[in-house]
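Start from the sequences and build out the full structure, keeping to the hints where you can.
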Amino acid sequence: MLIREVILENFMSYEYARVPLKQGVNVVCGPNGAGKSSFLLGICVALGETYTERSKRLSDLIRWGQDRARISLLLDNSVREDGRRPIPRFDADVIRLTRNLRRDGRYWFELNQRGAQKYEVMDLLRGLGFDPNNMLIVMHQNMPEQFASVSPQEKLRTLETAVGYQSFRSDVIEAKRKLSGILSEEESLNQLLDRARETLSYWREQNERLQEKRQLQTRSLFLQREMAWSRVAELERTLRRLEQEVDRADADLYAAEAEMERYGKLVIDAQSELSRYRAEWSDLLEKRIEYERTVGVCEYAITSAKEQLTQVDRLLRSWRERRRRFEMGAEALRAKLKEGPTTLDDYFNALSEIEETQTEAYDSWHSELAAQRAEAERRIESLTRQLNEAEAGVADVAEEMQLLRARIDEANDKYVEGRIQMALLKDRRGRLKQRIDELRAEIDRCRRDLNDAEAEALIRGPRIDTGRPSDEILGEIRKISGILLGLADVSDEAEAMYESYSRTFKELQERVEQVRASRREVMEEIEERTRRWLEVTRNLLDQVNSRYQSLLARLQATGEVRLVNPLDIEEAGLELYVGFRGAQQSRLDPYTHSGGERSTAVMAFLLALQQNVLSPFRAVDEFDLHMDPKNREIVSDFIVSTLEGSDDQYLVITPSQVTFRGRNIHIIMVHKTEGVSTVRVVE
5 MLIREVILEN
15 FMSYEYARVP
25 LKQGVNVVCG
35 PNGAGKSSFL
45 LGICVALGET
55 YTERSKRLSD
65 LIRWGQDRAR
75 ISLLLDNSVR
85 EDGRRPIPRF
95 DADVIRLTRN
105 LRRDGRYWFE
115 LNQRGAQKYE
125 VMDLLRGLGF
135 DPNNMLIVMH
145 QNMPEQFASV
155 SPQEKLRTLE
165 TAVGYQSFRS
175 DVIEAKRKLS
185 GILSEEESLN
195 QLLDRARETL
205 SYWREQNERL
215 QEKRQLQTRS
225 LFLQREMAWS
235 RVAELERTLR
245 RLEQEVDRAD
255 ADLYAAEAEM
265 ERYGKLVIDA
275 QSELSRYRAE
285 WSDLLEKRIE
295 YERTVGVCEY
305 AITSAKEQLT
315 QVDRLLRSWR
325 ERRRRFEMGA
335 EALRAKLKEG
345 PTTLDDYFNA
355 LSEIEETQTE
365 AYDSWHSELA
375 AQRAEAERRI
385 ESLTRQLNEA
395 EAGVADVAEE
405 MQLLRARIDE
415 ANDKYVEGRI
425 QMALLKDRRG
435 RLKQRIDELR
445 AEIDRCRRDL
455 NDAEAEALIR
465 GPRIDTGRPS
475 DEILGEIRKI
485 SGILLGLADV
495 SDEAEAMYES
505 YSRTFKELQE
515 RVEQVRASRR
525 EVMEEIEERT
535 RRWLEVTRNL
545 LDQVNSRYQS
555 LLARLQATGE
565 VRLVNPLDIE
575 EAGLELYVGF
585 RGAQQSRLDP
595 YTHSGGERST
605 AVMAFLLALQ
615 QNVLSPFRAV
625 DEFDLHMDPK
635 NREIVSDFIV
645 STLEGSDDQY
655 LVITPSQVTF
665 RGRNIHIIMV
675 HKTEGVSTVR
685 VVE
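Residue 585 in the numbering used here sits at position 581 of the sequence shown; the count goes up by one each step and never skips.
None of these hints come from the bench; they were simulated from the model.
If you're wondering where the values come from, they're calculated on a predicted model, not measured in any experiment.
Some clues are possibly wrong.
Unchecked claim - Calculated pairs, BS3-like style, for lysine-lysine (alpha carbon to alpha carbon, straight line, at most 25 Å):
| hint | residue 1 | residue 2 |
| --- | --- | --- |
| 1 | Lys217 | Lys483 |
| 2 | Lys418 | Lys269 |
| 3 | Lys676 | Lys26 |
| 4 | Lys269 | Lys26 |
| 5 | Lys430 | Lys269 |
| 6 | Lys418 | Lys430 |
If you want it as structure tokens, here you go:
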């Protein structure tokens, strides 16, 4: 027994459930959608099954509205008959394996409330004899359909992987790969042997041309010596020319620096004049501002005085007009009174007194206004004089500023011209220095080249004072080089190379014989390994066929498992044949058999094959899909019979009515109420 109890917390439709598992067959049943498959899925997640982790995103398995889920398995670690525990490092009858899932995508394992890595969990399960990634140990929903849909070759590879026989196939493939390498080597050696024959003939021909090549090489060496000393002479002439150019550039640089010194003094003098003129300009500007301020004040005062004079004249005219009207009225009244009775004399006298008083008041006021008018005229005259003086001053200052501006422009032109010439001379000096540096660098390179050329020429021999130009020497060198180029493939060791290739040819012949012997040995090895693979595979299929046919017989059917293309391991495959209710056996396919027949046949094969896998725990989800009640009962009895005499566990998920009978049958009922799955164990 592997699992004693399963604890689900916030996992899918489970809030909290504790489900004990017993030895024998544990049947999980209930209506569709109750959470039966979720129960098996929780076990697989806790065991770290790769198939489940590939097909599900673990954070999606957390119950809706919760941030964390946990699945715990209480694994059996009790002492066995030999007195030892399966996992000795855990000194307890129960090992608690926990898988924690979080909504943010994080997850981790725990062993007895201590964090653990997945490889530790896998080592633990291997110690308990359990492999969660074997497809025959935990068979999920739709596995029969998936198995039936793959190619015969894939079926056979799946079978080999499930029962652990893939090493036999690997041995054959490795031997074939080795044979392929040997065949490739043999082909390469044969090609080398053919090329070696051609090479021997080639070197035989080259030896005849060797003497001609040596004579031309001797002449070429002399010409190279002559050319080397000619190169030395040319470099000496070039060095002298460069030194003369440096002397001329130094003279030009000296003249440029002297000119720069002259223009530098000119720039300084012009700058000094500009500073002095700017100070004078500032003084004249202040004086002009003062004059213009005086002009403004005088103009404003004159305007005010003229307005006052105008007002006084207006008042004088008004009083003159009033006096004129009064005198006319008084004259008219006086004339009228003179014509009237003498009793009016007193009134006439009174009128004369009023006229006299009015005249005195007018004379007094007229005198005052006349005085004000005279004062205003004097002010206007004085201000006009000041205004004229200020305007004359502005004109004088403007004239001085114009003359000063001309001097400033002249000094500025000198300054700018001096700066331009300085810039030009500075650029010229820089270019001259750069040219001098380049010439000196070129002189250094020329001297190094001359030293190298002299050293190389000395290596080739004593100096030759040849009178021939380099072009003539180079022409002869090229002519000989052209001839030597045609002989470039001639080796100085033609005879030695011929002997060497003779030995190589013999060695290649011996190596070819060795490779051919190895090829024969590897081919025999492939035959032997293929024979072992075929023997093991047929023995396995004989065992599976026996159980498969026995189970089919209970299902009122016949059939067998056939190995196709057994002589070619790459193309070898597995095909299921079945015939129901007296029908002739035929290859299982969706066109000949119904869905129920296909499901029944494939499940019968997988259950028969499952007996070849040793494991303390097995599980199958909805093995009875599309089966009729009779077939369901027969397959159930077959599952129970496989556990007779064993203390292993078998977990069966079924939505149908319970059809299991016998001892060690444990029923687990799953229901869902208001979105929450609940579990009840029926003893």
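Outcome of the hint check:
1. Lys217 with Lys483: The hint holds at about 14 Å.
2. Lys418 with Lys269: The hint holds at about 11 Å.
3. Lys676 with Lys26: The given pair, whose Cα atoms are some 23 Å apart, holds under the 25 Å limit.
4. Lys269 with Lys26: Violated - the C-alpha atoms of Lys26 and Lys269 are around 114 Å apart, more than 25 Å.
5. Lys430 with Lys269: holds (15 Å)
6. Lys418 with Lys430: holds (18 Å)
Consistency note: the structure conflicts with earlier hint 4 alone.
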